[in-house]
Each structure stands twice: as C-alpha cells, then as structure tokens.
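Between the sequences and the hints, there should be enough to build the whole structure, so can you do that?
Numbering (this note's numbering), first residue to last: 1 to 312.
Calculated from the structure, these hints are not laboratory results.
Taking CB as the label site, the calculated pair distances span:
no.	residue 1	residue 2	range
1	THR261	THR62	41 to 51 Å
2	GLU89	ARG296	17 to 27 Å
3	GLY59	GLU240	47 to 57 Å
4	SER115	TYR202	33 to 43 Å
Just so we're clear, the structure is a prediction, and the values are computed from it rather than from any experiment.
Think of the CB as a built atom: it goes at the ideal place given N, C-alpha and C, for glycine as much as any other residue.
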Amino acid sequence: MLSRIAESLYWIGRYVERAEDTARILDVHLQRILADPWTNEETAVRSLFGVMGMAVTEGPYTSGRVVDLLGLDQRNPSSVVGALAAARENARGCREIISSEMWECLNATYHGLSSVRRTVEQQGVHAFFRWVRDRCAVMAGLTDATMSRDEGWKFLVLGRNVERVDMTARLLRTHELAGGSIPSWLTLLRSSGAWETFLRTYRGALDDRHAAEFLLLDRLFPRSVFAALSAAESCLADLEPDPGRAGVATDAQRIVGRARTGLEFRGADELIDDLGPVLTGLERTCSQVNEAVSRRYFRQTSAVLWTSGAVA
Numbered sequence: 001m002l003s004r005i006a007e008s009l010y011w012i013g014r015y016v017e018r019a020e021d022t023a024r025i026l027d028v029h030l031q032r033i034l035a036d037p038w039t040n041e042e043t044a045v046r047s048l049f050g051v052m053g054m055a056v057t058e059g060p061y062t063s064g065r066v067v068d069l070l071g072l073d074q075r076n077p078s079s080v081v082g083a084l085a086a087a088r089e090n091a092r093g094c095r096e097i098i099s100s101e102m103w104e105c106l107n108a109t110y111h112g113l114s115s116v117r118r119t120v121e122q123q124g125v126h127a128f129f130r131w132v133r134d135r136c137a138v139m140a141g142l143t144d145a146t147m148s149r150d151e152g153w154k155f156l157v158l159g160r161n162v163e164r165v166d167m168t169a170r171l172l173r174t175h176e177l178a179g180g181s182i183p184s185w186l187t188l189l190r191s192s193g194a195w196e197t198f199l200r201t202y203r204g205a206l207d208d209r210h211a212a213e214f215l216l217l218d219r220l221f222p223r224s225v226f227a228a229l230s231a232a233e234s235c236l237a238d239l240e241p242d243p244g245r246a247g248v249a250t251d252a253q254r255i256v257g258r259a260r261t262g263l264e265f266r267g268a269d270e271l272i273d274d275l276g277p278v279l280t281g282l283e284r285t286c287s288q289v290n291e292a293v294s295r296r297y298f299r300q301t302s303a304v305l306w307t308s309g310a311v312a
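Take a look at the structure:
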C-alpha cells in the first residue's frame, strides 16, 4: 500500500473519532453547566479548554465560546467541524480504497456543515452534537461493513483507537479537575456513552473504583482505554506479520504494549491513587505512537527551501 494512502486512512480514523468524542464531551459538559446552578461557568469552561488542549489565555470564558472554538471553528482540526472537514479532505486522497458509501457519508456530512450555525441557532447546540454522533456512527458502521479486513482497514482502525485512548484520557482528566466527586464520574460515563452499559455491569453501584475500572480496564466495552489499546496493538501486529525471533518488530508495538501491560496488571484502587500520572502517561503514549507509526509507515518529506529563485 502506498504510504500516502495509509496515512490518509489512519487520519480518517483519528479525525472521525475526534469529532465524535469531542461532540460527546461538549454535549454532556454544557448540559451540566446549564442544569447545575452551583457550577461556576468560568471555572468549568477553563477546565474544559485545558482538558481539550486549548491554550486560551483571554476571556470570555463562556459556554458560547466553547461552542465556537471547540465546536464550530473549521480552522481548528481539534474542533468538531474542523475534524470532520479534515476527515473528508483525507478521504478525497484515497477514494479508490474506501467504499463509495464511506465517501458519500463523509461528503454529505461535510456539505451539511455549511448550515451548522443556522442549525445551532434554530435547534440548539445539543441537536448539532446529536447529529454529529449519528453521522460518525454511520461512518463507523460503513467502515466495518464495506471494507475488507486488509491493510487499509487496519490503518483506519489503528487511527481510530489511538485517538480513542487519547480522548478517553482527556475525558478522565475532568475527574481530577472536578475534585473526585460522584457527579463527575456520572458525567464521564455519559460522555463516553457508557452509562447504561456500566449500570448493567455493576448493577447500579456508582463509586470511584467501579467507574475507573470500567473506563480504564474493561475488556468488553470498546471505548475503555484497555480495549482501545488492545485493538491498536492487534492492528500493529497484523501490519508486521513476520516480526522475527525478537517478537516485536516496531517501536509503535513496544510503546502500545508497555501501555497495555501497565494497565493490565494494576488494580482499580491503585489506578485511582495514581490517576494523574497514569493519564499523563497515556497521553504521552498516544503522541509517541503517532510519531512511531509516521516514521515506520508514512512518507517522510523535508521542507522545500527557496534559494535565489530556485528550489534547493
């Protein structure tokens, strides 16, 4: 497979997952700000910007600004609209690999973004976030239903799961900022789409240990950190079918494997006590995996230098 095709598929997976997860996080947190009269809006907005990696140094720190910067800013690839636009742009470069249904889904979603602000004004921001979740779910379903389980599918699923680990780690950061209260865990579970599944698994017992165990360690819930790391590790292993006698062929496999085993053999109580360092390590893991995958599989280009009117 051409490296540019592999890179485009990888980033389609990352950007679609980023759009969905950002929409989930914003939807639940904005609802909480509106529903809880004791919530300090400025503090909540500052913490949300911090969790999402936005270095916003000047106010106003309002819900409206959150929607503008993290929801509707097309120039920001970390916003919902920006991520969907970037996913569609990457799909343009690999239309011969993805199915026509996948392209039509991304293209229709992209053209639907032109009326986003009008939709937000008429129906509210929560209707927009619900539409984004629905479109991303359609894209995920078409990916699984219409792509062969070849290298292209593995790169897309790899990107999806690397992004999922990163976004779940960012989501768990909000628990630290909320001071470890019970409502914060409820917010985290709802943001991950895990609330109903969690209740069925633990019979309605909501406490720190169970929530942390579910979001970090659960083997069956696909949005848990452990499940996403395992899926990414499986994709990397399939991309290197003959690792040789050493057993692990690439830096990306070593990084993901260390992160997975670091979670697998730690108890939930221990994870809660060390939650900050664990989340920092997971975010670092995602950055390192991205760099390692890029070095291994994607094209490496140097900057074009212009000297005296000629290309050097």
